[in-house]
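Participant: Chain by chain, the residues:
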Amino acid sequence: MSVTADETTKAGREDIVFEARGLVKRYGHVTALDGCDFELRAGEVLAIIGDNGAGKSTLIKALSGAVTPDLGGFLLDGHPVRFHSPADARAHGIETVYQDLAVAPALDIASNMFLGREIRRRGPLGSVLRMLDKPAMKRQAAQQMSELKIGLRSMTNPVEELSGGQRQGVAVARAAAFARKLVIMDEPTAALGVRESGQVLDLIRRIRDRGLPVILISHNMPQVFEVSDRIHIQRLGRRVALITPKEHTMAEAVAIMTGAMPGRAEKEPVATADDGAGTITAAPASGVSTVGVPVASAMPTRQVRKSTRSLTDTIGKS
Amino acid sequence: MTTTVVEPDTVRRANTRAVLRQVLGISTLGPLAALFLAGIFFSIKSDRFLTGTNLSLVVQQVMVVGTLAIGQTLVILTAGIDLSNGAIMALGNIMMTSLAVESGLNPYLAIALGLLACAGFGLLNGGLVTSLRLPPFIVTLGTLNIAFALTHIYSDEQTVSGLPSELTYFGKTFSIGQTDVTYGSVLMLLLFALIWYVLSQTAAGRHVYAVGDNPEAARRTGIQTRRLLLTVYAAAGLIYGIAALLLVSRTGVGDPNAGQTDNLDSITAVVLGGTSLFGGRGNVVGTLIGALIVGVIRNGLQLIGTKSIYQVLITGILVIAAVSVDQIVRRRNQ
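Sequences listed follow chains A and B, in order.
Quick note: the numbering used here has the first sequence finishing at residue 389, numbered continuously throughout.
Quick note: the numbering used here has the second sequence finishing at residue 314, numbered continuously throughout.
Since the hints were made in silico from the structure, they are not lab data.
Incorrect hints may appear among the rest.
Chain B regions said to be covered by chain A (calculated; three or more residues, Cβ under 8 Å) [what the hints assert, rightly or not]:
| id | stretch |
| --- | --- |
| 1 | 178 to 188 |
| 2 | 191 to 197 |
Here are the simulated distance ranges between beta carbons [stated by the list, open to error]:
| id | chain 1 | residue 1 | chain 2 | residue 2 | range |
| --- | --- | --- | --- | --- | --- |
| 3 | B | 13 | A | 156 | 35 to 41 Å |
| 4 | B | 232 | A | 199 | 46 to 52 Å |
| 5 | B | 121 | A | 210 | 29 to 35 Å |
| 6 | A | 265 | B | 204 | 36 to 42 Å |
| 7 | B | 297 | A | 266 | 43 to 49 Å |
| 8 | A | 122 | B | 174 | 54 to 60 Å |
| 9 | B | 92 | A | 100 | 24 to 30 Å |
| 10 | A | 159 | B | 92 | 38 to 44 Å |
| 11 | A | 251 | B | 89 | 50 to 56 Å |
| 12 | A | 197 | B | 20 | 41 to 47 Å |
In this text, all values refer to a predicted model and were calculated from it rather than measured experimentally.
The beta carbon of each residue, even a glycine, is placed where N, CA and C say it ideally should be.
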């Protein structure tokens, strides 16, 4: 009944970009986060899944600065940080892309890319007359678009003339352009069709391959398994498992998510692997099942990533 | 990994539109065409229409409503509406004149206090809209009545006359060739130019559009939307104060009953100028054209001796046409 410990968390702490320990958030009598842990490693796409009410959206809000947890703290690149607003998180290099296409439709692409972070002309035109440097913004927007292979050429088109996928492309490009540490994507494909979703998933991979880790929140299991390197499963306000798409099936992930299969029963966070015991025991979950589930792959992260990538490549080409 | 977010047909369609937009300036094209059509019509009907003196008169006649409409444009771009601007202007008008004449204040101080009162009312509108999240329509309906009542209480229903010359400076004229132009007309045009610059060339202007277009998206990009709205309403209030000064210059008296329908006239100018009542799209150049359309029709119908009520009729039809076009364009884009 013993299961493999989370080897990936032992793979070296310097790999960890963003980390949270023991997050607690209560709303009146409702405990949305109940000692929740979180960990994002360099160069990975980490998916967060969880049923409704699992505390998933509160966790995302805490990560993006929209909610300040009652207890627990964050480490960004090993340094303690505390966010009081999304602007705080942004100032620390964390950008968020939202599901509902958070762009201003009447503004053009370049304006949307630089909204709130406009570039002004050099010299007195900019400092005294506050004049925008439209050519520079257009140029940089176009460069960003081409780097991410988003096929939008004219940066002066209003966003409302774009398809849903292209609009989300603009939002993703904006996040990728300004994020220094990581990008959070909150259901980025929820409003999109199948083909456009595929394009956004490609974008997510390109951003990761450019070196920015991505946190992906999604309800869509096939998408999660297609694009992510690791999967954080949220249940009852905690992370109950940290798995890889390589080692687990979608059915298992769903079973852990819904509680049909125990992820981990101890209160101890999965990732306190400093104990070095190598194994933790999955206790029976209220008598339903006694099946042990591997908490995470024993494979080192990089190797996992490589195999995942080749898997997704295969899918992409097929 | 070979897919990219390209859709050739969409891109091509968007490019065609971009070219059209750059060449014709779509949103102001319709209003401009309407203005030209009206101009051509009246210059055929009356040989007095297309003279420098008459055109200067048209600008003079739209001076007050045009200035009010600048502030109205700012508010409407943020998806708001301001019903109180005429009443705020009337209050500023009566304050400036009464303080200078009845209280014997220095005229410049009287002007400054009038401007301040108008800006204060704008700030009140903005404060109620942002902090209590009340709909602008209701807030400004309330402040319309408050400003109206204050004007009448303060003036005791009396018209103030015998103004010092400082108050009517903007009614004075200078000559360009054979044509007399008032300083007030120039001030209005300068104000249009200034707001055009702010809206189209600065980050603050972009933010005004963004807040009207998608307030949630604006907030998420880090724009302080409340502060922006507050600034917009306060700036609009200050502009209504300038309109009050122009009104004083134009009429030469402080009349508590002035400007009672100017709120709706300013909305008419904004709508005729192609600015969307849903916020986020439009510009002040359109508003200037919209104000001129109303002015030209009024002036032209007078010249050809038609009853002035037909001007109201035509304006009504044009307003319906303008909002219909806006609605159709919006729907096509969605």
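Participant: Can the suggested window of 35 to 41 Å be confirmed for the beta-carbon pair residue 13 of chain B and residue 156 of chain A?
Facilitator: 47 Å, violated
Participant: Is 36 to 42 Å respected by the C-beta to C-beta distance linking residue 265 of chain A and residue 204 of chain B?
Facilitator: 38 Å, holds
Participant: If I claimed the Cβ atoms of residue 297 of chain B and residue 266 of chain A lie 43 to 49 Å apart, would that claim hold in this structure?
Facilitator: 46 Å, holds
Participant: For the pair residue 122 of chain A and residue 174 of chain B, does the Cβ-Cβ distance stay inside 54 to 60 Å?
Facilitator: Hint holds: Cβ distance 55 Å, inside 54 to 60 Å.
Participant: For the range 46 to 52 Å, tell me whether the beta carbons of residue 232 of chain B and residue 199 of chain A fit it or not.
Facilitator: Taking Cβ atoms as reference, residue 232 of chain B and residue 199 of chain A lie about 38 Å apart, which means the hint is violated.
Participant: Holds or violated: 38 to 44 Å for the Cβ distance of residue 159 of chain A and residue 92 of chain B?
Facilitator: With a Cβ separation near 41 Å, residue 159 of chain A and residue 92 of chain B satisfy 38 to 44 Å, so the hint holds.
Participant: Holds or violated: the 50 to 56 Å window for the beta-carbon distance between residue 251 of chain A and residue 89 of chain B?
Facilitator: Holds, at about 53 Å.
Participant: Do residue 197 of chain A and residue 20 of chain B keep their Cβ atoms within the hinted range of 41 to 47 Å?
Facilitator: 43 Å, holds
Participant: Is it true that residue 121 of chain B and residue 210 of chain A lie within 29 to 35 Å of each other by Cβ?
Facilitator: 47 Å, violated
Participant: Given a hinted range of 24 to 30 Å, is it respected by the beta-carbon distance of residue 92 of chain B and residue 100 of chain A?
Facilitator: 56 Å, violated
Participant: Closer than 8 Å, Cβ to Cβ, for at least three residues: run that test on the stretch 191 to 197 of chain B against chain A and report holds or violated.
Facilitator: Our answer is that it holds, as 4 residues pass the Cβ test (under 8 Å) against chain A, meeting three.
Participant: If you count the residues of the stretch 178 to 188 of chain B with a beta-carbon closer than 8 Å to a beta-carbon of chain A, do you get 3 or more?
Facilitator: holds (count 6)
Hint compliance for this structure: hints 3, 4, 5, 9 are broken, all remaining hints hold.
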